[in-house]
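Q: Sequence:
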Amino acid sequence: MQWSHYSEAIFEAYLHGHDNLIIQACPGAGKTTNIKELWKLNDWKCIYLVFNKHNQIEAQEKLPAKQGSAILTLNSLGYRAVRSYNPTVQVDDRKVFKLVTQTLQPHKRLQYKERTKREFVLIKAVQTAKHYSISGSLTEQEYSDMVALYDLEVYDGMFEHCQTVLEWSDEMLSTVDFADQIRLPVIHAMKLPQYDVILGDEVQDFSPLQAKLIQQLQGRYILVGDTHQSIYGFRGAMDNSMEILKECFACREMPLSITYRCSRAVVQEAQRIWPDIEAWNQATEGSVLHGIDNPQYTKDALILCRFNRPLIEMAFTLLRQDIPCHVRGRDIGENLTRLIKQQQAESVSALIDSLSLWYSLEYQKLQARSNDSALDMKLQRLQDRYESALLFANKVRPTDSPQVVINNINTIFEQGKGVCLSTVHKAKGLEADTCYLLEPGLFDWCAGRCKQQWQAVQEKNCKYVAVTRAKNTLVYL
1 MQWSHYSEAI FEAYLHGHDN LIIQACPGAG KTTNIKELWK LNDWKCIYLV FNKHNQIEAQ
61 EKLPAKQGSA ILTLNSLGYR AVRSYNPTVQ VDDRKVFKLV TQTLQPHKRL QYKERTKREF
121 VLIKAVQTAK HYSISGSLTE QEYSDMVALY DLEVYDGMFE HCQTVLEWSD EMLSTVDFAD
181 QIRLPVIHAM KLPQYDVILG DEVQDFSPLQ AKLIQQLQGR YILVGDTHQS IYGFRGAMDN
241 SMEILKECFA CREMPLSITY RCSRAVVQEA QRIWPDIEAW NQATEGSVLH GIDNPQYTKD
301 ALILCRFNRP LIEMAFTLLR QDIPCHVRGR DIGENLTRLI KQQQAESVSA LIDSLSLWYS
361 LEYQKLQARS NDSALDMKLQ RLQDRYESAL LFANKVRPTD SPQVVINNIN TIFEQGKGVC
421 LSTVHKAKGL EADTCYLLEP GLFDWCAGRC KQQWQAVQEK NCKYVAVTRA KNTLVYL
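Counting with the numbering used here, you get residues 1 to 477 for the letters of the sequence shown.
FYI, nobody ran anything at the bench for these hints, they're computed from the structure.
In this text, all values refer to a predicted model and were calculated from it rather than measured experimentally.
Wrong hints could be hidden among the right ones.
List time: in silico DSS-like cross-link candidates among lysine-lysine, alpha-carbon distance up to 30 Å [claimed, not checked]:
#, residue 1, residue 2
1, Lys191, Lys212
2, Lys62, Lys36
3, Lys417, Lys451
4, Lys191, Lys117
5, Lys66, Lys45
6, Lys417, Lys299
7, Lys299, Lys45
8, Lys426, Lys365
9, Lys426, Lys246
Taking the hints into account, I'd like the entire structure generated from these sequences.
A: Next comes the structure, spelled out in structure tokens:
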């Protein structure tokens, strides 16, 4: 393989220098390929921290075994530490739910819907706190900052409840959930194995706890990511992770700026958002098109949108034309299914009426929070959820059971069939020869309603991620 001058410089710094390195890798720059080359360059004892289980399995199959080295996700690294601390520990994804239910037990006098709503809000707060709070207890200031930063819903007395559940969860070492696998080794200072080199991928999406976890490894750090692909601040990732890690580990920053994925036309479009991406000298010309009538979607096409409702509507349109398709994001489908079940309706007609009442009440609650810094975005997400559910409900007979609606949701959100429709957040890691941006004006709409600077930057990053999924042709619908 012919390496770029950026890659050669990185390999030189790795082999003959001693600095920690942080590598800014643009979309399609072959960052994983470069990390794998670093792995093979010498016999140093390394740990390669990958983004998810799929990446772990793939790397384990392709990379040669090295004595004393490991390829792990951050969660598997943390879980090994917990297992060493307590060999009988069990994984329980419902751990927080059980503790929240126990905490709210004295509030049984509340109406079912209100108690269920509190459970949902408290679960979300605790799960966020598990990533946000880096100490064994949640202070009132941390709580206030967390609520403001992630625009969490609140109710009277929620701080005390959140604090209680978090402390119980931290002390309960007999069971762990997904977040605990990162959190518990940090707050209990559990011993981790030591390596000469720590190779970290996708570090732009690190949370404060993940940064603390890798700090306990204490080797030479080679961290790879892309500031401009940081879009998960809303779910706990540090919005400026790359800069924080650079300072924390005193890293020397190095670029990896040539994309081998995108055509010249797509690169030029991406440069209008962030200019530091470069086209490969052998890249095709490609094209960026606007407003095509009756586009012909191939089975491997990728259709992206900022919100779900337009995607679901497009999916129904494609299915009417006998074009196989699916909407990416099983959790989105499960969220809609949960909303429908909560209405406890006996027919689709009653379901539609109940959804309308639910939407009206939720809208009024949000409107009452006039000081909410993200009110416009929350109202939009509420509307998106409501209209998405209505799209499914209106596709069946009013006399049908709501289960028919749920079955249709499960069908459309089943993965792997035909054209892929996806929100930008679900499209990380995807690419397609032709990529369509559905209702592209939504990107600017969202950016214009951000009240915090980090939110505005991440909306800009969203558009950048969407554009750079296209390998040859980008189409604005």
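Q: Output the numbers, in ascending order, of every earlier hint that fails for this structure.
A: Of the numbered hints given earlier, those the structure breaks are 3, 4, 7, listed in rising order.
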